[in-house]
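Protein chains: 2
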Amino acid sequence: MKLEAVISEVLQKIVPTEDERAFVRELMGELEEIAREKAEELGIDVKPYFVGSLAKDTYLAGDHDVDLFLAFPLDTPLEEVREKGLELGKEIGKTLGEYEIAYAEHPYVRAKYRGVKVDLVPCYDVRDWKDVRTAVDRSILHTKWVNENINGKNNEVRLLKRFLKGIAAYGSEIYVRGFSGYLSEILVIKYGSFAEVLEKADFILRQKVIDPAGWLKREPEIAMKTVKREVEEDKPLVVIDPVDPRRNVAANLSWEKYGRFYFKADEFLRRPSLEFFFPTGKTGGDYLAELRRKGTHLITLLFDVPEMVDDLLFPQLERSARGFEKALSREGFGVFGWNAGRYGAEKAFIMLEIDRIDRPRVKIHPGPEFFTERGRDFYRKNERVWLVGKRLYAEKRVKENIIDVIRELLEKNQVALGKNLRETIRAAEMLVDYVPRSLENEAYLFLSREKDGLKQ
Amino acid sequence: MKLEAVISEVLQKIVPTEDERAFVRELMGELEEIAREKAEELGIDVKPYFVGSLAKDTYLAGDHDVDLFLAFPLDTPLEEVREKGLELGKEIGKTLGEYEIAYAEHPYVRAKYRGVKVDLVPCYDVRDWKDVRTAVDRSILHTKWVNENINGKNNEVRLLKRFLKGIAAYGSEIYVRGFSGYLSEILVIKYGSFAEVLEKADFILRQKVIDPAGWLKREPEIAMKTVKREVEEDKPLVVIDPVDPRRNVAANLSWEKYGRFYFKADEFLRRPSLEFFFPTGKTGGDYLAELRRKGTHLITLLFDVPEMVDDLLFPQLERSARGFEKALSREGFGVFGWNAGRYGAEKAFIMLEIDRIDRPRVKIHPGPEFFTERGRDFYRKNERVWLVGKRLYAEKRVKENIIDVIRELLEKNQVALGKNLRETIRAAEMLVDYVPRSLENEAYLFLSREKDGLKQ
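So the sequence lines, in the order shown, correspond to chains A and B.
If you read the first sequence in UniProt numbering, its first letter stands for residue 1, the second for the next number, and so on.
If you read the second sequence in UniProt numbering, its first letter stands for residue 1, the second for the next number, and so on.
So that you can see chain A by itself, here it is in the shape it has in the complex (with noise of 0.2 Å):
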């Protein structure tokens, strides 16, 4: 398939139609209304900005998540616009009908609206970069820029944001550490076009600098500490956000993700196909199977969560999954990777694929050397001990199963957890080379490595 007839496919899928458009219009206006009205109700001071991909019309079709944040004058006290914020945001919320509190650096109203997801936040009425006084302030100032520079572009920023989404590498949140909306629209009001993006997958990385506001020239002591900082943290990419020299829009890009898009790109240039925008569903293969291919062994574990969002979640499954990982491995276990998530509403599963489930009886454990205080004692308190060069070794009788290795490693607090989790995954079920059946399809894509292999 030529290149060309794929993205006009795509974009047949991707671009809003006319009836939707007009949705959505329509869906804004009212929006704007009920907030202006129940501002002036409350007499509160605030000015409705519609932000995100719906205000900078770079939306996907059927996708239409409206973020309306509810600006307040630069001089009120920072307690005030959280308070008048969120009951604003209460009150346009039961107009609309039903909502839910939830919480970033502020509380803030998520509600529901003719079927659409409607974010109500509040910030500040922020000029330029020297007013951000709060994480979400710049959103406005994105939705300016992006607005005054797209150029047109918008339905290569849509082919963009639906490639990366279909190779698994688009969204910023910290558990996905991929391309985010903004990022996309920057690179393509960059680079001209969603190909032209691509053909600079390997340029972009050695660049490594992207500056589409100049601010290298207006700003060069701020800019440049921000690369510093950047490339001194050795992020992929540098990409100084046109509305403030202190940030790296990239901030959030992993390697592995812009990995992803640096092969998919070259292998789409080559192969174009609407595969790589539209994966067809992994068909979930036989984890059992898998196991036995390779040799290896799976051990689950199924815990309660406390409520918490994905944000706040997602982190402290990595962190415990690779306290686990280390514990293990210092245990002489081989563990080739691991898999997390939710499990139900309420539960979450850790996953740890095992060179082996059964361990020799004995450990080798090193002592210090010999001719210290700490040597007599360790010569003294073990029974079979012996020297290579200076150091002490002893033999020391240790659990065989890994079920046991984890239970005492988990007992004595030798496994780092993430901070709410360490109650609830003490007392977590364990399953070895068995999950339940909703499972089976997440043990698959994990074991085959379908869910994180670049290719299979």
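Derived by calculation from the structure, the hints in this document are not laboratory data.
Keep in mind that a hint or two might mislead.
Pairs count within a copy or across copies, as identical chains cannot be separated in the list.
[What the hints assert, rightly or not] Heads up, simulated DSSO-like pairs for lysine-lysine below, C-alpha to C-alpha not over 27 Å straight-line: (1) K399 x K94; (2) K455 x K396; (3) K390 x K208; (4) K396 x K94; (5) K326 x K396; (6) K200 x K390; (7) K399 x K363.
Take the given structure of chain A and dock chain B to it, following the hints.
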């Protein structure tokens, strides 16, 4: 048992009787006469010297090996010393009865006379260290120095030597790396008695440098160079040779053997017993029971060895065993230890204690950084590929069973082996959790750590 009582009982066993002394004197007289006669017959200008423990009267009862050195004038060319020395040795050997040629730095004759082993070693008739030209030349000086300084402490030396043999720390051979006879003599001369040497086990190590002949004053530059060199090489002790300031008498003493001495000296002084001098033969437990107790496995390689003296064979066996240890660790097997030795007259064995027989059928194969030429190659060439940070990884099919793994490692030349053993080890017979009858005890001593352990 009191220290004095133990010592007096040991002395009864190790001090030669008057009869034995008379026999030794007679033997030496006869040997000297034969040597002089033969030298005269062949017209070779040499002086016979007795060196070693017989000449120093520090030999243990029943242990009569004779070292008869044939000393050539200093102006003899080295080639002549080799040739004439060997010729004379052979003539003497013929007169004594059976003999063979042995090889050290130079070939020499090893004969048997009246049931006693007699080494006939050509050397130079050196007056002091500046004359020393071959490795054996110092022996005459050592004998002279000990005899001038021992001051009647001969039996104290016998006690120390017997103690060191009992705790398996005696012998300066490259494959033992323990205390030499000469080092034992120096320690007794320096510290006055057997018990004093034991009491100073910790002090001696801390003091580090022993200089019985005062070289640091007489030849400060040369002696300091020796000290510096040996300290840099992290030797446990630096004993400046009383007859040669360039040499550390303890150069071949290992930390392991000093450690044995260190702990056993302390234990003996706390609870003196004959057991230290004459350990009751290891009873030889059941090696299969040891394997079951530990949950480990034993791989034994049996192979032919070319005709080689122990001094050459053992370092090569050690190098090969360490080679296997390293290569198998790289392949993901845990190696608990190794053991090697002769097996019958023409074979040798290497034993490896391993944590398991089988490993998974796949291995995680780390690749290069993704954005390089090599990265793109790696991506193309491998099937399952993923990223951790910038680095590519791939799954690699590997041999599962350790015997197959060893065969493959040997085929691919990935085990560092002793140079004369390469071919023969490649053709080795390999046994898993089983050894021939005559190695059962060896296997037990190895697995139970009775062989190299400090305590059981």
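Status of the hints after comparison with the structure:
Taking the closest pair of Cα atoms, K399 and K94 never come within 27 Å of each other, the shortest separation being 58 Å inside a single copy and 65 Å across copies. In the homo-oligomer, the alpha carbons of K455 and K396 lie at most 27 Å apart only across protomers (14 Å), although the nearest pairing inside one protomer, at 43 Å, exceeds that limit. For the homomeric pair K390 and K208, the shortest alpha-carbon distance between copies (14 Å) is at most 27 Å, but the shortest distance inside one copy (49 Å) is not. For the homomeric pair K396 and K94, neither the shortest alpha-carbon distance inside one copy (65 Å) nor that between copies (58 Å) is at most 27 Å.
In this homomeric assembly, K326 and K396 come within 27 Å of each other (Cα to Cα) both inside a single copy, at 20 Å, and across copies, at 22 Å. For a Cα distance limit of 27 Å, the shortest separation of K200 from K390 across copies, 18 Å, qualifies, whereas the shortest one inside one copy, 57 Å, does not. With identical chains, the CA atoms of K399 and K363 are at most 27 Å apart both within one copy (9 Å) and between copies (25 Å).
The earlier numbered hints that this structure contradicts are 1 and 4.
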